[in-house]
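Q: Here are the chains, one letter per residue:
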Amino acid sequence: MTAILEVKNLSKSFGGIKAVQDVSFDLMEGELLALIGPNGAGKSTCFNMLMGQLPPNSGSILFDGKELVGLPTRKIWQYGVGRTFQITATYPTMTVIENVQTALLSFHQRSFNFFSRAKTSYLDEAAELLSLVGMADQADRPAAVLAYGDLKRLELAIALSNAPRLLLMDEPTAGMAPSERIELMALAGRIVEERGLSILFTEHDMDVVFAHSHRIMVLNRGELIASGSVEEIRANPRVQEVYLGGGSVFADEGAS
Amino acid sequence: MGVLVAELLAGLANAAALFLVASGLSLIFGVTRIVNFAHGSFYMLGAFIGYSAMQVLPGAIGFWAATLVAAVAVGLIGVIVEFLVLRQVYKAPELFQLVATFGVILVIQDLALLVWGPEDLLGPRAPGLKGVVHILGEPVPSYDLALIGITPFVLLVLWYLISRTRVGILVRAATQDREMVGALGVNQAWLFTGVFFLGSLLAGLGGALQLPKGGADLLMDFNILASVFVVVVIGGMGSIPGAFIAAVLISVLNVFGVKFIPQSTLVLMFIVMAVVLLIRPYGLLGREEAPGEHGQVGDPEQPISPLQSTGKLVVAGILVVLALFPIFDSPFLLVLMTDVIIVSLFAVSLHFMLSLGGLVSFGHAAFFGGGAYAAALLVHYVDTPMSLALLMAPLLAGFLALIIGWFCIRLTGVYFAMLTLAFAQLVWSVVFQWGEVTGGDDGIVNIWPAAWASSTTVYYYLTLVIGVGGIILMRHVAHSPFGYSVRASRDSILRAEATGINTKRIQWVTIAFAGAMAGLAGGLFVFSKGSVFPTELEIAKSFDALIMVFLGGVKTLSGPIVGASSLTIVQDFLSRFEYWRLALGLLIILIVILAPEGLVGSARKLGNRIGLGRSEGPGT
Ligand SMILES: Nc1ncnc2c1ncn2[C@@H]1O[C@H](COP(=O)(O)OP(=O)(O)O)[C@@H](O)[C@H]1O
Ligand SMILES: [Mg+2]
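If you read the protein sequences in the order shown, they are chains D and B.
Each step along the first sequence adds one to the number in my numbering, with nothing skipped, and position 53 is 53.
Each step along the second sequence adds one to the number in my numbering, with nothing skipped, and position 191 is 1191.
For reference, chain D alone in the conformation it holds in the complex:
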């Protein structure tokens, strides 16, 4: 297996706060990698640097051998990276399918086309992405009226519209019912298998993390404190201590 993403010594501070410190990791092709950590650990900041939305103070990010640091977000998307946001970012004044069509139009480099009809462009491709995430029946509803869980799934469809090789999902199941969470992560797992892409995701729900990730990294106060398989992370005393203060979720997990 080769690494699709190589992150080396990535750091970012905001004023005095060291949000991310010296983080290094590799993401393999076809891997479903979880990044966990308490609130404020620096997960979203990591994602923002990976996607070019924040410039790191130092460090390097190689995607498929190409340096991403310094590139604008849209360039990183063109290389084949898609992302979803912790707080969903969609176009509320468009219908669900138009949200996907707009992304597809960009992917096919037609954003500056003045003459064709957007509404009838890439309808099939958009419908296919929507059925993949289970949103086909809501295709013509305005995005503004969607339930939060549905917005998350719409965002996933949008993020897949450039046929990405790497998908970054920041808390993809936040705001969903537990059954929906399992379903969505199962879908993510299927997408990884079928399309051969790699996913880096953050998640609060430990059930989801332990059930679906291939590997887990733990971030605390901006520093990576552990990385390994599900079993290794469960057993890691340092993780138990910092992440959950010797918390109960792990114990529950172990017992169940």
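Source of the hints: derived by calculation from the structure; they are not laboratory data.
Take these hints with a grain of salt, some might be off.
Claimed, not checked - Once the Cα atoms are required to be at most 27 Å apart in a straight line, the calculated BS3-like pairs of lysine-lysine come out as:
1) D:Lys66 - B:Lys1504
2) D:Lys75 - D:Lys8
3) D:Lys119 - B:Lys1605
4) B:Lys1504 - D:Lys75
5) B:Lys1091 - B:Lys1605
6) D:Lys75 - D:Lys119
7) D:Lys119 - B:Lys1312
8) D:Lys18 - D:Lys8
9) B:Lys1130 - B:Lys1213
10) B:Lys1312 - B:Lys1605
11) B:Lys1504 - D:Lys119
What the hints assert, rightly or not - Covered stretches of chain D, as calculated for chain B (at least 3 residues, CB under 8 Å):
12) 75–86
13) 107–120
Note that CB positions come from ideal geometry on N, CA and C, so glycine has one too.
Add chain B with the ligands to chain D, keeping to what the hints say.
A: Just chain B with the ligands now, with coordinates in the frame of chain D:
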């Protein structure tokens, strides 16, 4: 040397009124986030009320007492305006605040006309300060020296109020973090009213204090508006020391400009502003505006879709009716309808960037007037045939929009709006002051259509074809991939950039396209009137278009056409009455408060309520 010092002192004296008005505006913006376009009107009221008070109060004490009376009176008027009008729009987008305060401007204009009459009033000289003092051999009016002393004094008082008193601490807290004031358990409504009182008082004081230098007239409100905005934007919105520095800078620059380059004093001010904003986009002492400050008014905007067959039939029907208008054989009606089509095209072009693009421009007249002047100059100087001039008008206006847009897309929200306004004023001042080329105030006349189109009827048909063609083109583009990218860049920059859309470039092209279409309207306008004057580039012209877009309903595609047609026709009707501004102003304020979704938006809502439309379906 003596001359230079005298000039410097004159500049500092002029800075007084400018600083007072600008600091009031800045204070109000800093706390309430309202851009009070009626601030110039408060300044004007200060002058008028001060004048009347000075008639009754005698002597030196009377003069200064009258000044204070005027200031307090204007402060109270400000409170009334805040209470009746602005409270309704605190959370609304900039456009609503502009429209509401513009209504206030109209109302105050006519009330002032009613009370003080149309004549300019010569300000009384300040008793005891009528003479001149010789400094380095140059005569300097004593009153100027008094003003130079008063300005820093007011600055000091404001500084004390804000940094040393409890209310001031609240004001500062509100300026920096609006959530916090609520957390401190302060009644925000009273804080806002208090700030409005102080801000209006400062404007009134400015108006009264400049009486001995400039008197009082009905044009004062708009005349000071542009400079005040330049000062506030250069200084940084919300910063009072910034307003002071900028007022001094602009005023001193002005007197030296008059001395050394009299042809370009106005231009100079706007160039300084553009340079400052390029280096410090939020002004000298301003802070970056947090995005998403403004809430929504009404329901969220609905998805759009191209017209279905019924819609197309309705449009075809309207077009047939429009085409049949000449059978009424009424030149008056044809001229009015020509105007309606031209302003509709203008309003739709503004709607494209403002509503679809989320780019709230307060200076769209630059492109309308730009197109008009481009056509007029081409005809006047190189005898360009009409058809070529009509082609060049949108191209040149679009090119102007590319240049202005290049600067403006760096900013967002209120700062974007202010910068567009300043650029429009820059274009206006170039045209106004470059008399040898543009004819200055006298405009360019004798720009008639080609012989084949010279009859009112033929020109009406020409306008109908080009105007409606332009509107249809814009609608088509709204439904094109570009139109979707434009809306995407407005809805979520984050999402758009994360899906490969270059939002800044999209916005740049949007401005150029909308500018070009406004220029086309300007071209049609010139040949319909046979002349063009700098008024086509004025702030009031930009505001007209904004009000049309608002009146029709910002969130609808057909809104600007409905708004433009109804405003033009209502204006045509109302302007026969003496106090039509008062009526129009009240009407506008009422609509802002009662039907903020505009004519089309409200009609659609009503239709939905009685079960005509689909509640979730695409809008028109
Ligand atoms: N734009 C920003 N400016 C200042 N501080 C920030 C910014 N973004 C994040 N932070 C800080 O960085 C730290 C990490 O935040 P974040 O990456 O959002 O954590 P997580 O996603 O793991 O909850 C937090 O202390 C947060 O307050
Ligand atoms: Mg986060």
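Q: Now tell me if each hint is right for this structure.
A: Tested hints:
For the hint pairing lysine 66 of chain D with lysine 1504 of chain B, the CA-to-CA distance comes to about 25 Å; that is within 27 Å, so the pair holds. At most 27 Å may separate the alpha-carbon atoms for a hinted pair to count; lysine 75 of chain D and lysine 8 of chain D meet this at roughly 20 Å. In summary, the hint linking lysine 119 of chain D to lysine 1605 of chain B is supported, as the alpha carbons are separated by about 25 Å, within the 27 Å threshold. A threshold of 27 Å between alpha carbons decides the hint, and for lysine 1504 of chain B with lysine 75 of chain D the separation of about 14 Å falls inside it, so the pair holds.
Among the hinted pairs, lysine 1091 of chain B with lysine 1605 of chain B is consistent with the structure: their alpha-carbon atoms are about 21 Å apart, no more than 27 Å. For the hint pairing lysine 75 of chain D with lysine 119 of chain D, the CA-to-CA distance comes to about 25 Å; that is within 27 Å, so the pair holds. Annotation: proposed proximity of lysine 119 of chain D to lysine 1312 of chain B holds, straight-line Cα distance about 17 Å (limit 27 Å). Distance check on the hinted pair: lysine 18 of chain D and lysine 8 of chain D sit about 16 Å apart at the alpha-carbon level, within 27 Å; holds.
A C-alpha spacing of about 11 Å is found between lysine 1130 of chain B and lysine 1213 of chain B, which places the hinted pair at or below 27 Å, so the restraint holds. Restraint check for lysine 1312 of chain B and lysine 1605 of chain B: the C-alpha separation of about 21 Å stays at or below 27 Å, so the hint holds. Among the hinted pairs, lysine 1504 of chain B with lysine 119 of chain D is consistent with the structure: their alpha-carbon atoms are about 23 Å apart, no more than 27 Å. Given a C-beta distance limit of less than 8 Å, the hint that chain B covers the stretch 75–86 of chain D holds, as 5 residues qualify and 3 suffice.
Counting residues of the stretch 107–120 of chain D whose beta-carbon sits less than 8 Å from any beta-carbon of chain B gives 11, enough to reach three: the coverage restraint holds.
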